[in-house]
Amino acid sequence: MIRKKICLLGSFAVGKTSLVRRFVHSIFSERYHTTVGVKIDKKTVQVRIDDGTLTEVSLVIWDVQGEDRFQSIPTSYYRGSSGLLLVADGTRPTTLDSAIEIAETAAECIGKDVPQRLLLNKGDLVAKWEIPAPELIRRVDPALAPRVTSAKTGASVDEAFREIARSLLMGEA
Amino acid sequence: MGPIPEAIQAGLIAGTTKLAWVVLEGGIVKGVGGAVSYHALTDVQAGEGLPDDAPWAAAITAEPLSGQPVELKALTLNADEDFSSDIIAWQLEGVTNVLFFDASSTAKLLGATMQRANADALLRDRLAGAERMRRVERRSRGEAFSALGYELLEEGPDGAFRPPAEPASWLVTLCGWEPGEARVVDPGDPVDYLSAFLGDAAAYFRGVREGTSDPEQRSYSSGVWTEILPDSRGHDAEFRDQSFQAHALALTDGRGVVVVELKSMSLEEMQSTLQRQRDAELSYEGLSHEMQVKDVLLHCIVHDLRGPLASLVGAFSLLESGRLDALDQKETIEMGLRQAKRQDEMIRHVLDVFSAEYEALRQYDDDPATAPDAVTIARETTQRQKAAYQAAGVDLVVTGDAGPLPVIGTADRLERVIANLIGNALRHAPKGSSVEVDLKAMPGGTVVVSVLDRGPGVPEEIRERLFRRFVQGGSAGAAGLGLFYVRMTVERWGGTADYAPREGGGAAFQVKLRRATLST
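Chains as they are written, first to last, in the working numbering: chain G, 5 to 177; chain U, 35 to 554.
Isolated chain U (complex conformation):
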């Protein structure tokens, strides 16, 4: 054996044991020695060629060895022993030197390392397989949802929401994702509806995980919303309404998922139902308003027709009594005819002015120079009612500010408002008592007209609906439209009509009117 190169010597020094060697020249074994049995070299004999079945022989003899040594690692040469050999061969000046090292510990280490590496690879493979499965599952689940018009957004550990698979174009449009942009929605932007809802959803998921929310509530829904988006069907520069609804679902494994729904038919049905309800409501409002106006007109007409009718009834009663002589009979018949003609004219007049009356209800005067003076009108109205009050033995007085108190309204309607209140008081005031019409200018630009009596007051059960139609305070002869007329009229002028029991007993009706001032 020739001199061992330094590099090889270094390998020998590094703890190798059970060393063996073979020296060849011209394919013939020149020498063999060392731990021959461990390395299964017992068949290698000096002066002979290498045995054909030696597994290392071919590698040593197949090609002429150059300056580079040949290394063979961890060969199991002795099947009976748990023993591995490393082989290094090199050629120097026509002589081939072969060294056999004990590689059992190295092989064991290598084996263990390989085993670990294989196990890791296997685990990685399995994990990758599982992830692939998961991706497939998520994709197929996403596709299934997508086919139904739903898209999923999953809450990630960073708090952002992402679709598990490539989402439908409508979700891309809704989220405003550009091509190539990450499919991520950050929650909590209150300007953007979906982002705002995802903020709420994240809070809901947190509540479920921490056990602070209702355990029975496994989902949380946004309302329906509509966005005017570019038409996803590819019509450039065209926009159309698209409606959505989102549902946050807290899964049992703690994950949070948001299902975004593209609303179509169901929304149209919901909208159509709501539309029908609201159209009906609008029609009802319109009709009800029209009926209110007609009620008031009817009240006015009945009021105005009652006079001539009373005369006509009186005339017929006199004729029926048979106590009239021929001259009186003729006069009574003429008087009855005059009243009948008057009533006929009045009805024609009512028909003529019907539409004008309707319009007049909306008119009022707010010019302080020409606006009606509440004090003057109250005094004139009480004056006209004096006779009726005297007949009933009730006193009627006007108190309060001396005026003038110009108010928003019209003189004739204000007179009817006060007359209705005074007439109402007379029906309830006991004989010998006094009814007051009190006028006061209040701070804030209002004028309060109060009509106070000492009657029994309004029973509590009808107070709430006192100013509605056909509500009577219990006395005969009242149609129940007087107070309704009062409320409707003053409300149209921006005022109010109220009732309160009078201190010391009785009723206190109060009408608040807006004062007509220069600033208006």
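If we strip away everything but chain G, and leave its shape as in the complex, we get:
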């Protein structure tokens, strides 16, 4: 079976681990539990690619620690990644810049163009978003295909992972 490595990148407390738990185990916890290092989980999904073929792919998801002054990310984490999921917290607009900065470093380390997608998480708290979602989305490079997700409600989570799986099977950058 095809194995593909995906890295989840973004500032701390944006909900990366919650997104993985929602996608892989269909569970959510309100409690914030910071990730130390990298947490690796796997899920096999069936993806229909453009020619209609149904392909099975094992996603090896590297949930990488949030970077800040307490923890930096070793660049070796990025090697061999087939795709990057950047995660920002809609209630903290600065996390959008952090995610994009981390992704730039990651892309440099990987050394080739790999599909990158941006998730604006905490869509369930949209009333508390300082900058409305359409405005945040307008600020982002359309190539990142930004979408609003909620690990809490599950909104768009499965779609986001499946969409990047499809992109990396199609060899899109």
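Think of the hints as simulated: they come from the structure by calculation, not from any bench. Glycine included, C-beta positions come from ideal geometry on N, C-alpha and C. Hints are supplied without guarantee of correctness; some may be wrong.
[Stated by the list, open to error] In silico lysine-lysine, DSSO-like type, Cα no more than 27 Å apart, as pairs: (1) U:Lys-546 with G:Lys-132; (2) U:Lys-546 with U:Lys-474; (3) U:Lys-107 with U:Lys-52; (4) G:Lys-47 with U:Lys-297; (5) U:Lys-474 with U:Lys-420; (6) G:Lys-132 with G:Lys-46; (7) G:Lys-8 with G:Lys-116; (8) U:Lys-474 with G:Lys-132; (9) U:Lys-546 with U:Lys-420; (10) G:Lys-46 with G:Lys-8; (11) G:Lys-46 with U:Lys-107; (12) G:Lys-116 with G:Lys-46.
[Stated by the list, open to error] Below, a sample of chain U positions facing chain G; criterion: calculated Cβ distance under 10 Å: (13) Pro-224; (14) Arg-312; (15) Arg-548.
Based on these hints, arrange chain U on the given structure of chain G.
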């Protein structure tokens, strides 16, 4: 002696010397001859039985010999001579024939061969013993590490990594080894964390061996990683987080060893410390944001309360002067009361709308049909400030695009943004100079509003923090919140606020706003 069979003759021809023979019949020696002294046959006499002490006698006489000859190899019969005998005996028609051959050279060869064989066996034994010792040592070392929550992986000559002894179940689970499968990890698979690290470790070992890496660095560590693995405690279909850390150690004998650590308590402590730091950081971010909003509200409140308070102070000053007659005093007191009541109402109003104001800061209009026109607002704001400018002897003009230039924002807040910039310019513009409010639509969907004066400009030391709270450009009467308000407001609309020295002298404040277009 009867005829010698062909097979025996062949043996005789093959270089034997010092041959002797004995012929027996019915246990009695019928004949003896040849090199009798070499083969210690001097006691063998014809017509007698065989001497009892002849070491070969029993083998010859114990059993009746059949068609198969009896062979006795390398017997030392003559203790005084360095001499060995081979003996062949056979029976034919009731007669026993015994031949004695010189076997000294054969014996020497055999001895040397045996000695070599023994030495090899001894060496093999020693090597096997050493290997057994090594295995025991490795096993005991492995067990000791294992008891401490560590497992070893040794780099083999083929580049793969193997545990020196049967590893703990957690390492088996981590490596995904099936029962009976070889305990091997191939390095360099970037999808698998441990394999990726072993690839790095192998490169590190190579560097140490080749002397290209830092000789002081004797180890190389992976970061902590967590894998969601099947519960090794035997609960089927249950998964739990297990954290690990690996350390590559370059041993002085050139070997490379990787210690894999099962993290437990130490990780929990590390995580708990980090968690506390981050919780504190999140709380700080939240509080700091809340304080920023409150600062702006405070600024608005102070601004709005200043008017009635100024009237009240004026009324009290007039009354204090004692120059008012009774009628004027009454009117002044009434006016003061009106202003005090107005201020009281305003405070109530402020309290009522406090939460609404907070929400309003986040609202803005991006519909081009209803979005505020920056040109109109700039003209209206300058119009309202004209009197103050005239009093100061400074000219105020609006230049640039004629508009309309609809921008993302709200009309009242945009007016306050421009008013703050114009008010700031007036405080620094010299008498007789001119302040320009310039508006331009830029490519990329932005509108730039610039407020330019010919004052002294902003000192370099405060430029960096100019748009922060309570930073004053040096003039009296400014609370230091005006520019902070400008930055906070326009940033919420997706814009920016900047300062640059004006060409030819003076200050140039620039606000970039996003243009409200149909495509938005």
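* Asked: For the pair supplied as a hint, Lys-546 of chain U and Lys-132 of chain G, is the alpha-carbon distance within the 27 Å limit?
  -> Since the Cα atoms of Lys-546 of chain U and Lys-132 of chain G sit roughly 25 Å apart, the hinted pair holds (cutoff 27 Å).
* Given pair status - Lys-297 of chain U, Lys-47 of chain G, alpha carbons within 27 Å -> 24 Å, holds
* Asked: Under the criterion of a CB-CB separation shorter than 10 Å, is Arg-312 of chain U in contact with chain G as hinted?
  -> Since the shortest Cβ distance to chain G is 5 Å, the answer is holds.
* Asked: Any CB of chain G closer than 10 Å to the CB of Arg-548 of chain U?
  -> With Cβ-Cβ at 8 Å, under 10 Å, it holds.
* Asked: When you check the alpha-carbon spacing of Lys-107 of chain U and Lys-52 of chain U, does it fall within 27 Å?
  -> The given pair, whose Cα atoms are some 15 Å apart, holds under the 27 Å limit.
* **Lys-116 of chain G paired with Lys-46 of chain G [C-alpha distance capped at 27 Å]** => 24 Å, holds
* Hinted pair Lys-46 of chain G and Lys-8 of chain G, Cα distance within 27 Å -> The given pair, whose Cα atoms are some 10 Å apart, holds under the 27 Å limit.
* Against chain G, with CB atoms and a cut of 10 Å, does the hint on Pro-224 of chain U hold up? -> 2 Å, holds
* Please work out if Lys-546 of chain U and Lys-420 of chain U have their alpha carbons no farther apart than 27 Å. => Measuring from Cα to Cα gives roughly 24 Å; hence the hint holds.
* To do: Measure nothing beyond the straight line between the CA atoms of Lys-474 of chain U and Lys-132 of chain G; if it is 27 Å or shorter, mark the hint as holding.
  => Violated, because 33 Å separates the two Cα atoms, which is more than 27 Å.
* Restraint check for Lys-46 of chain G with Lys-107 of chain U, where alpha carbons must lie at most 27 Å apart -> 74 Å, violated
* To do: Compare the distance between the alpha carbons of Lys-132 of chain G and Lys-46 of chain G with 27 Å, and conclude whether the hinted pair is satisfied.
  => Violated - the C-alpha atoms of Lys-46 of chain G and Lys-132 of chain G are around 32 Å apart, more than 27 Å.
The structure fails hints 6, 8, 11 (numbered hints given earlier, in ascending order).
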